[in-house]
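Q: From just these sequences and the hints, can you work out the full model?
Number of protein chains: 4
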Amino acid sequence: MTSFETTAELQRLIACTAKLAAGGLTPATSSNFSIRADAQSCLITVSGRDKGRLVPEDFIRVDNQGMALDSGRTASAETLLHTQIYRERPEAGAVLHTHSLAQTLLSMRHAQDGLIEIKGYELLKAFNGIKTHDTAIRIPIVANSQDMTALCAAIAPAFAGQAFWGYLIAGHGLYTWGRDVEEAHRHLDAFEFLLTAEMTKLGFRA
Amino acid sequence: MTSFETTAELQRLIACTAKLAAGGLTPATSSNFSIRADAQSCLITVSGRDKGRLVPEDFIRVDNQGMALDSGRTASAETLLHTQIYRERPEAGAVLHTHSLAQTLLSMRHAQDGLIEIKGYELLKAFNGIKTHDTAIRIPIVANSQDMTALCAAIAPAFAGQAFWGYLIAGHGLYTWGRDVEEAHRHLDAFEFLLTAEMTKLGFRA
Amino acid sequence: MTSFETTAELQRLIACTAKLAAGGLTPATSSNFSIRADAQSCLITVSGRDKGRLVPEDFIRVDNQGMALDSGRTASAETLLHTQIYRERPEAGAVLHTHSLAQTLLSMRHAQDGLIEIKGYELLKAFNGIKTHDTAIRIPIVANSQDMTALCAAIAPAFAGQAFWGYLIAGHGLYTWGRDVEEAHRHLDAFEFLLTAEMTKLGFRA
Amino acid sequence: MTSFETTAELQRLIACTAKLAAGGLTPATSSNFSIRADAQSCLITVSGRDKGRLVPEDFIRVDNQGMALDSGRTASAETLLHTQIYRERPEAGAVLHTHSLAQTLLSMRHAQDGLIEIKGYELLKAFNGIKTHDTAIRIPIVANSQDMTALCAAIAPAFAGQAFWGYLIAGHGLYTWGRDVEEAHRHLDAFEFLLTAEMTKLGFRA
Chain P
25 MTSFETTAEL QRLIACTAKL AAGGLTPATS SNFSIRADAQ SCLITVSGRD
75 KGRLVPEDFI RVDNQGMALD SGRTASAETL LHTQIYRERP EAGAVLHTHS
125 LAQTLLSMRH AQDGLIEIKG YELLKAFNGI KTHDTAIRIP IVANSQDMTA
175 LCAAIAPAFA GQAFWGYLIA GHGLYTWGRD VEEAHRHLDA FEFLLTAEMT
225 KLGFRA
Chain S
25 MTSFETTAEL QRLIACTAKL AAGGLTPATS SNFSIRADAQ SCLITVSGRD
75 KGRLVPEDFI RVDNQGMALD SGRTASAETL LHTQIYRERP EAGAVLHTHS
125 LAQTLLSMRH AQDGLIEIKG YELLKAFNGI KTHDTAIRIP IVANSQDMTA
175 LCAAIAPAFA GQAFWGYLIA GHGLYTWGRD VEEAHRHLDA FEFLLTAEMT
225 KLGFRA
Chain R
25 MTSFETTAEL QRLIACTAKL AAGGLTPATS SNFSIRADAQ SCLITVSGRD
75 KGRLVPEDFI RVDNQGMALD SGRTASAETL LHTQIYRERP EAGAVLHTHS
125 LAQTLLSMRH AQDGLIEIKG YELLKAFNGI KTHDTAIRIP IVANSQDMTA
175 LCAAIAPAFA GQAFWGYLIA GHGLYTWGRD VEEAHRHLDA FEFLLTAEMT
225 KLGFRA
Chain A
25 MTSFETTAEL QRLIACTAKL AAGGLTPATS SNFSIRADAQ SCLITVSGRD
75 KGRLVPEDFI RVDNQGMALD SGRTASAETL LHTQIYRERP EAGAVLHTHS
125 LAQTLLSMRH AQDGLIEIKG YELLKAFNGI KTHDTAIRIP IVANSQDMTA
175 LCAAIAPAFA GQAFWGYLIA GHGLYTWGRD VEEAHRHLDA FEFLLTAEMT
225 KLGFRA
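Chains as they are written, first to last, in the working numbering: chain P, 25 to 230; chain S, 25 to 230; chain R, 25 to 230; chain A, 25 to 230.
The hints are simulated quantities; they were obtained by calculation from the structure and are not laboratory data.
Do not rely on the hints blindly, as some may be mistaken.
When chains are identical, the list treats them as one kind, so a pair holds in a single copy or across two.
In silico lysine-lysine, DSS-like type, Cα no more than 30 Å apart, as pairs [what the hints assert, rightly or not]:
(1) 155 <-> 143
(2) 225 <-> 155
(3) 225 <-> 43
(4) 155 <-> 43
(5) 43 <-> 143
A: Structure below.
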């Protein structure tokens with residue numbers, strides 16, 4: 025992307041994160057967000073900001089190995105999970121990571137299975153490449169860890185398999201991506217709806 | 025309607041859809057909306073837009089068989105379900121199709137019954153023609169399909185029967201209509217409230 | 025109240041109803057609202073308006089027997105329930121009637137008991153005259169009817185008993201009041217919180 | 025803090041309370057809020073105001089024993105619970121007290137246990153001093169009382185023990201604090217998320 029396009033896409037990301045914050049997906053200044061800037065780098069949120077009112081200065085440029093290219097500021101601890109996605113998925117243009125109730129609770133409940141299968145919903149068509157409700161997706165789940173290298177290793181096998189647009193970290197939240205902010209946001213909306221539907225059907229009791 | 029009246033009604037539809045989007049009824053750019061323009065045509069949303077910020081240019085004119093009358097743009101895949109309603113119900117002036125959680129889950133749960141019966145609520149009086157809570161409505165449910173002609177055929181028998189103001193597609197959502205946007209919106213509000221009430225009573229477990 | 029005071033109080037009522045509408049308490053243009061204008065009359069909403077955007081012209085003046093004092097407009101069908109409160113409770117300055125999910129479902133569930141008892145919550149202190157959480161309130165419930173005279177007769181005995189600030193109509197909604205709009209709104213907030221809490225504890229299944 | 029810093033922090037508190045009110049955490053004009061002004065005093069909300077639209081004049085200055093330093097106005101009845109925190113926790117710069125549904129219901133449910141233990145959630149890291157999800161917090165619960173001296177005595181032992189950032193009063197609500205408004209708000213967000221998650225897992229039935 026040109027610098028001008030990156031600026032416009034960053035504005036779209038900021039508008040998107042404000043919406044997610046208003047919807048309760050980023051409790052307690054959690055969550056982090058990024059867009060690909062060019063083949064070698066991305067722009068990612070710094071830690072600890074209120075995600076409801078980000079400004080361009082709340083983003084830092086890091087290379088595809090997660091090293092900060094801007095001096096004097098610290099990227100989110102989870103930067104390595106973003107850069108893994110940009111390396112593994114050349115088509116990914118934006119990565120959204122959030123902490124909703126449904127993401128947290130269902131990922132804990134199904135942690136031992138290593139995945140949640142969701143099927144039969146019309147809204148599955150919101151995912152890039154899906155053309156019918158008469159299908160199923162399997163959302164990978166990895167155990168939570170404070171060691172980002174370990175988390176990257178845990179999710180690595182999924183990237184070698186069939187197409188997918190997001191995964192869960194148990195008791196923690198969702199990573200999802202898309203070709204641009206608009207598609208990543210649509211994927212996040214779809215995951216959130218489907219997980220909430222499954223949670224509602226359970227009349228949840230862990 | 026005159027062209028001037030159509031423009032005003034389209035503005036009311038856009039205001040209505042923004043409200044529905046804010047209320048979570050149009051997740052992941054799903055849902056679609058239309059108004060009758062004249063005896064032969066209606067205006068309907070094009071696919072894939074964020075329903076929270078539609079503009080008049082996001083609507084396309086189609087005839088009552090669903091053929092686009094504007095060149096170069098594609099109407100929503102579900103256009104045929106809208107035009108069926110305009111053909112079968114001469115009084116219909118607006119059609120709203122949404123994808124809420126309650127619409128999705130209850131329609132899946134009762135799909136085999138082919139209907140949901142709802143009775144005894146004061147809010148039933150929100151439907152045109154109902155004057156007392158001491159009555160029941162039966163909301164038809166059809167199985168989901170990606171074949172719009174098949175969906176039209178499945179719901180066709182209902183149009184031959186007694187008055188009704190909406191139907192469900194299982195795991196997908198609700199179609200409702202009214203004489204104008206205001207009435208269609210009131211019907212949608214009522215369906216959503218009643219389905220949510222029924223879902224709450226179930227302490228939902230599918 | 026002077027005409028000036030009435031105008032100011034009506035503005036507070038309009039602001040209050042916009043808040044209630046935004047909170048989902050007035051689905052499908054349901055609900056109605058009034059303030060006492062003087063010893064002989066009150067101002068009450070006309071039927072069928074969107075309660076999220078009322079203007080002063082959406083109110084009509086009626087006397088304490090419910091007869092319209094403004095020509096050419098029709099007061100809400102439920103006017104008699106408002107004027108009964110103004111006659112029976114000289115201290116009442118505002119009456120709010122809403123249709124929330126919790127009001128609808130809990131009133132249906134406990135209709136045969138004729139009341140719901142709620143006890144032990146700190147929020148009970150929001151009601152005028154209650155100074156401790158260590159108490160209980162009994163909210164009367166009457167069966168729904170489209171005959172307003174019958175509804176008035178059904179709730180009449182409650183007005184002869186101990187102090188209370190609201191009652192439920194089964195499957196329909198809540199009537200509450202206060203010395204002014206501010207207090208009536210605080211009472212409504214408290215009823216809504218307490219009924220929602222009770223509904224949540226039930227993991228509702230009717 | 026200088027007078028200038030106090031004014032700026034008070035503005036942050038007012039913005040925070042507006043957000044909490046919009047989120048339903050302060051039903052029926054309940055809840056109260058304060059910031060430390062200097063080593064000897066704090067600024068705390070007066071009683072009965074709508075917490076969605078506080079102004080600086082809605083705060084009163086009290087000393088660390090809870091005595092009003094401004095003439096002619098009455099501090100919240102629960103002032104003593106705030107000043108206890110400022111005395112016991114020198115690092116506390118802001119105290120938030122709210123009345124959410126989850127706070128109310130879970131504190132009633134676990135009142136006899138005297139605490140709720142919450143463990144394994146990523147969001148635990150929102151609390152000052154916690155660096156991993158692989159831990160647990162114990163939130164103290166005291167029985168409700170209208171005697172503030174008794175409430176202070178009931179919670180006093182907790183202040184002698186290990187670090188904690190909040191406690192519950194059964195059927196009433198949460199007290200939480202932080203080094204400043206921003207941190208107190210982050211702690212409140214985290215408590216609310218975690219309590220809501222636990223309540224959801226229960227499919228609540230008291």
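Q: Now, for every hint given, state plainly whether the structure supports it.
A: Now for the hints, and whether the structure bears them out:
Only within a single protomer do residue 155 and residue 143 lie at most 30 Å apart by alpha-carbon distance; the minimum there is 13 Å, versus 37 Å between protomers. Proximity of residue 225 to residue 155 under the C-alpha cut-off of 30 Å is restricted to the intra-copy arrangement: shortest distance 24 Å within a copy versus 34 Å between copies. Within a single copy, residue 225 and residue 43 get their C-alpha atoms as close as 26 Å, and across copies as close as 26 Å, so both meet the 30 Å cut-off. For the identical chains of this complex, residue 155 and residue 43 are neighbours both inside a copy (27 Å) and across copies (28 Å), given an alpha-carbon limit of 30 Å.
For a Cα distance limit of 30 Å, the shortest separation of residue 43 from residue 143 qualifies both inside one copy, at 27 Å, and across copies, at 29 Å.
Hint check: no violations occur; every hint is consistent with the structure.
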